[in-house]
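Student: All chains should be modelled from the sequences, with the hints used to inform the complete structure.
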Amino acid sequence: MIVGTSIKQHQPLAGLFRAYAAIMFTQSPWIGAVYILATFMLPNAAVSGLLAAVCGYLTARLFKFPNIASGMYIYNSLLVGLTLGATYHFDPYLALLIICGAILAVFVTSVATDFLWRWERLPVLSVPFVIVALIVSFAASGYSNLSHYLTPYAPTQTIMTPVIDGFFTALGSTLFIPLPLAGIVFFAGMLLTSRYLALLAVCGYIVGKLFFTFFAGIEYSGQADWTGFNFILTAVAIGGIFTIPDWKSFALAMLGAALAALITAATQNFLREFGIPVFAIPFLITTFSILAGLRKRITLSSPHLLLENPDLPENNYERARLAKVRSGKLGSVPLRPPFFGEWQVYQGFEGPHTHRKQWKYALDFFVVDNGNSYQGDGERLEDYFSYGLPVISPAHGYVVRVMNGLIDNAPGEVNTKNNWGNFILIKLTSGLHVLLCHLKLNSIKVKEGDHVIPGDVIAACGNSGRSPQPHIHMHVQTEATMGSPTYPFHLATLISKSEKKQNEDIEQAKFYLHTIPSEKDTVQPAEKSLKLAKPLHLPVGRRLQYSAVIDNTKLQKIFVLEVELTLNGQFRIKSEAGASCAFEEHEGIIAFFDRQGPKDPLFDVWILSVGLTPLSDNATSWQDSPSAKFMPLNLKQKILLYALRPFGAGLRSRYNRQYDQIRQTWKQTASHKLNVLPLAEWTLKTEVTLCSIDGFKHIYGIIGTNEYCLSLLATEQRGDYGVEHWTKLSEDAET
5 MIVGTSIKQH QPLAGLFRAY AAIMFTQSPW IGAVYILATF MLPNAAVSGL
55 LAAVCGYLTA RLFKFPNIAS GMYIYNSLLV GLTLGATYHF DPYLALLIIC
105 GAILAVFVTS VATDFLWRWE RLPVLSVPFV IVALIVSFAA SGYSNLSHYL
155 TPYAPTQTIM TPVIDGFFTA LGSTLFIPLP LAGIVFFAGM LLTSRYLALL
205 AVCGYIVGKL FFTFFAGIEY SGQADWTGFN FILTAVAIGG IFTIPDWKSF
255 ALAMLGAALA ALITAATQNF LREFGIPVFA IPFLITTFSI LAGLRKRITL
305 SSPHLLLENP DLPENNYERA RLAKVRSGKL GSVPLRPPFF GEWQVYQGFE
355 GPHTHRKQWK YALDFFVVDN GNSYQGDGER LEDYFSYGLP VISPAHGYVV
405 RVMNGLIDNA PGEVNTKNNW GNFILIKLTS GLHVLLCHLK LNSIKVKEGD
455 HVIPGDVIAA CGNSGRSPQP HIHMHVQTEA TMGSPTYPFH LATLISKSEK
505 KQNEDIEQAK FYLHTIPSEK DTVQPAEKSL KLAKPLHLPV GRRLQYSAVI
555 DNTKLQKIFV LEVELTLNGQ FRIKSEAGAS CAFEEHEGII AFFDRQGPKD
605 PLFDVWILSV GLTPLSDNAT SWQDSPSAKF MPLNLKQKIL LYALRPFGAG
655 LRSRYNRQYD QIRQTWKQTA SHKLNVLPLA EWTLKTEVTL CSIDGFKHIY
705 GIIGTNEYCL SLLATEQRGD YGVEHWTKLS EDAET
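Position 609 of the sequence shown, counted from 1, bears residue number 613 in my numbering, the numbering being contiguous throughout.
It cannot be assumed that every hint is accurate.
To be verified - As a list, the in silico EDC-like pairs of lysine to aspartate or glutamate whose alpha-carbon atoms are at most 20 Å apart:
# : residue 1 : residue 2
1 : Lys642    : Glu685
2 : Lys538    : Glu588
3 : Lys328    : Glu711
4 : Lys538    : Asp621
5 : Lys364    : Glu452
6 : Lys633    : Asp698
No lab work stands behind these hints: they were computed from the structure.
Tutor: Following this line, the structure appears as structure tokens:
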């Protein structure tokens with residue numbers, strides 16, 4: 005998001021400019037300011053729009069509606085003013101109608117926003133504008149004091165070919181300025197904001213125009229120049245803003261443009277009798293139908309909806325790419341191992357016994373010692389190492405079904421009448437269900453309706469159902485009905501080792517962010533080490549002060565980082581230069597993401613050195629792929645990256661960590677590589693010393709001939725109200 009400091013300091017102006025920019029799905033007030041100037045190609049519409057926007061802002065402020073600076077309330081009032089100004093001459097009669105419509109749009113926006121979100125988690129978009137525009141249009145048709153301005157006296161411009169002019173005219177009509185030159189300005193702003201949005205706009209218009217001509221006939225094809233913004237907005241919203249960009253979302257966006265063309269033709273025929281344009285009705289009907297329909301799916305497969313956090317497609321793509329690297333395939337459910345300690349995979353995916361066909365996505369676990377799952381002669385259940393051990397919840401969810409009264413089988417016996425035995429079925433927020441079964445008689449500690457979180461002890465391992473020896477069966481299924489088809493999942497944040505083929509030795513255990521273990525692999529949760537986690541904890545108000553040296557010079561500077569908490573509840577670490585990065589401490593990992601702000605090489609080196617840090621002692625090597633935004637590149641490298649990677653790129657980061665018993669420190673090294681062209685590879689190497697007392701003690705980075713060194717001087721904690729402002733927690737004795 006491009007935001008100027010001077011505009012930021014004037015919230016009314018920022019809100020006004022963002023309202024204009026938001027019509028093209030951007031938040032840049034600078035682009036919004038340019039759009040305002042472009043509307044003055046039709047001064048009558050421009051003045052009407054500004055009057056409505058100002059009235060909308062003053063109304064929202066007078067009644068203290070929240071988040072006014074975002075432009076949400078101004079946006080729909082603005083559209084009401086633009087459409088009236090494009091239809092009627094501006095005079096006192098029209099001004100009064102605009103003021104009434106703008107005020108009404110604010111209240112309709114408040115109600116519609118709440119209703120649509122509660123109903124289907126849908127965005128409000130331009131629903132308030134359409135409602136109010138229909139009201140004032142029907143009202144205006146009976147007012148003899150209003151005189152038409154643009155229709156049927158629409159100005160014509162010829163700049164390029166009819167098809168290209170038609171596209172830009174349609175884009176200009178988004179702000180009710182149906183001129184190719186205005187469309188060119190709007191397209192330039194869209195192109196600066198997101199090249200992918202610009203591509204969707206062009207493709208959506210072409211598809212919509214073809215279908216509109218097919219439905220409406222060649223004699224009416226020119227009307228698409230005025231109504232074609234519906235095709236454009238539908239393609240942009242569905243393919244770029246509310247879904248993660250991929251081939252499926254692109255195809256869905258084109259389908260949406262075609263459906264919008266069908267609805268445009270139908271709506272136009274209906275409203276023509278009243279002399280009223282279609283406004284954004286086709287866009288809203290198509291977009292809401294597709295988004296609401298996709299929400300009904302019980303799946304994690306593409307296209308992936310982003311109703312909770314819509315953004316520009318480049319940002320959506322980067323978040324999805326990073327999530328895939330750190331959490332596993334997007335269409336797969338991440339689960340924690342449902343036990344404590346080390347267990348072995350008894351049967352894996354597509355196992356030879358029961359994990360077949362529609363039930364192939366399942367894992368069985370049991371405990372072994374020296375290759376045996378029991379001690380003694382194995383004739384009693386108590387002989388088996390797994391029997392009676394705690395079973396823990398692998399995910400957040402609600403218990404929807406429980407079976408607790410089946411007796412455990414004797415070793416070697418099975419109960420085929422009740423295959424699942426005693427079980428717990430947990431419903432996830434996605435609508436999918438996790439099943440844990442073959443549990444011990446009367447060991448279940450939860451009931452239907454209980455909420456569970458990862459790590460909660462919910463039962464004990466047993467031998468009920470179709471189970472010849474004590475073990476835990478876990479799978480994800482699509483429905484609550486027992487026997488429903490299974491669904492792909494994987495294990496997250498664990499230590500695992502696999503048995504090598506050809507009688508080789510067992511390999512060393514490795515830390516995995518996510519993996520699908522195979523039969524005979526051993527698995528254990530990556531337990532958080534307090535010795536490591538405590539000094540690396542970054543609470544709100546924590547300030548780290550470093551002595552920084554760049555390029556082996558003797559010139560030193562003070563480099564300061566401070567932890568903040570945003571209004572949205574996001575933790576961010578920020579440098580004095582203004583660079584910031586979000587982070588989470590979750591599931592035994594501290595992970596950094598979403599770099600924002602100006603250039604700051606020292607900040608980027610610090611972030612990359614600790615960008616993904618497991619808090620488990622057993623984690624000695626792992627991989628990550630942070631955004632290329634963290635790589636301290638020169639201007640030429642940034643231009644090359646921007647030109648060749650429109651969606652950005654991820655680094656190939658390889659981490660290794662060793663513990664120094666004498667110094668009680670961890671040395672964490674990493675290599676971060678970025679490939680843009682086959683012969684263009686840029687590498688940054690980082691090293692951080694993690695101290696059990698001082699945390700992030702020393703940081704070192706080198707890229708090319710540039711070196712960066714950071715040495716911790718002091719760790720401080722900002723006090724709360726009534727507490728001393730800063731508390732010094734530690735100070736480097738060497739300084």
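Student: Each of the hints needs a verdict: does it hold here or not?
Tutor: Hint by hint, here is what the structure shows:
1. Lys642 with Glu685: holds (13 Å)
2. Lys538 with Glu588: It holds: about 15 Å lies between the C-alpha atoms, which stays within 20 Å.
3. Lys328 with Glu711: Since the Cα atoms of Lys328 and Glu711 sit roughly 31 Å apart, the hinted pair is violated (cutoff 20 Å).
4. Lys538 with Asp621: Holds, at roughly 13 Å.
5. Lys364 with Glu452: violated (27 Å)
6. Lys633 with Asp698: This hinted pair is violated, its Cα atoms lying about 28 Å apart.
Consistency note: the structure conflicts with the earlier hints numbered 3, 5 and 6.
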